[in-house]
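**Student:** Residues per chain, in single letters:
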Amino acid sequence: MAKHEYSYYPGCSSQKGASSSNLEKSVVTLCEELDIKLNPIPDWNCCGASIGYAGGGELPRMTLSARNLALSEKHHPDQDVVATCAACWLNTREVQERLNHNPTLKAETNIALQSVKLEYKGNKKVRHMVEVLIEDIGYDVLGSKVKKPLEGLKIAGYVGCQTNRPFGIAGESFENPMYLDKMVETLGAEALTKYDKKVACCSGALMFSEPEKGQALVKDIIESAYDSGANMIVTPCPLCQANVEIYQDDINARYKTNFDMPVMYYSQLMDVAFGRSALDAALNGNIIQSKKLREIADK
Amino acid sequence: MTTAVNQAMVEKYKGNFLKEVTDNVEEGNWVKMCMQCGVCSGSCPLGPHWDHPPQELFMMIRANKRDEVLSSTSMWMCTSCYNCVARCPRGLPITHIMHGLAHYGKRMGMKPKNQPTEKFGQMFWDNLIKKGRVNELKLGLGLYFKDGFAEGVKVSMSKQKLGLNMMKAKRMSPMEMLGGHGVSDLSGFHAMLKKAEELEAARVGTNTDAK
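These protein sequence lines are chains A and B, in that order. 1 is the number of the first residue of the first sequence in UniProt numbering; add one for each residue after it. 1 is the number of the first residue of the second sequence in UniProt numbering; add one for each residue after it.
Isolated chain A, as found in the complex:
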């Protein structure tokens, strides 16, 4: 039996062939290293993300996350729910909080859940993978696993919005959370703690509907990383990763810039530092490669 076991909510973008399948793969590798077992919630559904409100009312949206929570309560009664995606985590935790504070909504949700023969109780702890690493594993253990310190990497830690607000990580501030920098330093890389777009918004889903406005925000996020002397951005959020990485060609064309900034997940850095291969760390899943990180992985 694994040392740590959780009821896992992977989310739509983590599925095979989806936009953050590289996050999923790197997390699987990380869990092997840390003796963590993630038990996927059987038949989980989408959380509605941030823009579900255009089509879904409050109750239908709440019901989405309530179904996932009820499935977790039923199948994994003694395990905390863990999500790797910022929006999945935020929605699930927020829905539980709001249902538990509003008896009418909770009662109605449970009426709707009768259609799938489930009951929502609302007694789960809903956690982000980052919380598992910090609170259940700890920086010391993470540090002790490092076989290849990430020397030469100068990293702008981009926490973004939804991993940070409105809940965030216990003991961290909304305006300047330090945990990502601490993780980076634990792995032997240099954390650029003065990076001033750490908690700025990448425009989220509006990157799709309002690309000009979205790219203007991302341009500042990348520019600030260069100004801080970074050779890499690292983030915990799938949508931040995609928005900051994949439109760099468009941004270069629009603003006459020469951006070529790798944007990695914390889990990919850990995999490489813990001695795992480039393949296990899902480095092929990035469009812009970091030569330095790959050299360390191939060493």
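Keep in mind the hints are simulated off the structure, nothing from the lab. There may be inaccurate statements among the hints.
[Unchecked claim] Derived list of chain B stretches under chain A, where covered just means 3 residues or more per stretch with a C-beta under 8 Å from a C-beta of chain A:
{"no.": "1", "region": "11 to 24"}
{"no.": "2", "region": "59 to 72"}
{"no.": "3", "region": "114 to 120"}
{"no.": "4", "region": "190 to 203"}
The C-beta atom is built at its ideal place from N, Cα and C for all residues, glycine as well.
Add chain B to chain A, keeping to what the hints say.
**Tutor:** Relative to the frame of chain A, chain B by itself:
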């Protein structure tokens, strides 16, 4: 085109828009708590693009500017960054109120015309409802073709390199066109959402807040 329920609401609340919002909009009972400090407006990443930033919308609600609020493009500028929520000295869940106002305006038949986030958000919802999980490929293509076929071909051509990059990285799969991921208890899933929609529609005009 406004809806029948819109007429019913106008008659029911007779010029008390704040009461209407309190009773019907998601987290709308918080609106009366706003003290007009403007921290929300100053904290918004897309602040310059709002015709009426949140603080102004709250005052307009009190001033009975019903049509102006419900048909505004402003709420549709919310990126859900939660900066306003984290900073509001009165603790208003502003992000949720913005989502709620946008949804309520739409339900009243007053959504702004050709608002891209309204269109994309609806596409997203329809996409996730269909199979219980989001099909990113169909969502992306739907977005490219949202303004008609000719425009769609043009946009798709301009995005060709991005698509190839994503496929090379195995973060986009053409297989998603053929079915793709989804929940297995699809009929139960649909029945559950239908029930939730019915329950919500049945209590329009009543405040669900426990307080």
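**Student:** Does each hint fit the structure? Answer for all of them.
**Tutor:** Outcome of the hint check:
1. 11 to 24: With 0 residues in contact (Cβ-Cβ under 8 Å with chain A), the coverage given for the region 11 to 24 of chain B is violated.
2. 59 to 72: violated (count 0)
3. 114 to 120: holds (count 5)
4. 190 to 203: holds (count 9)
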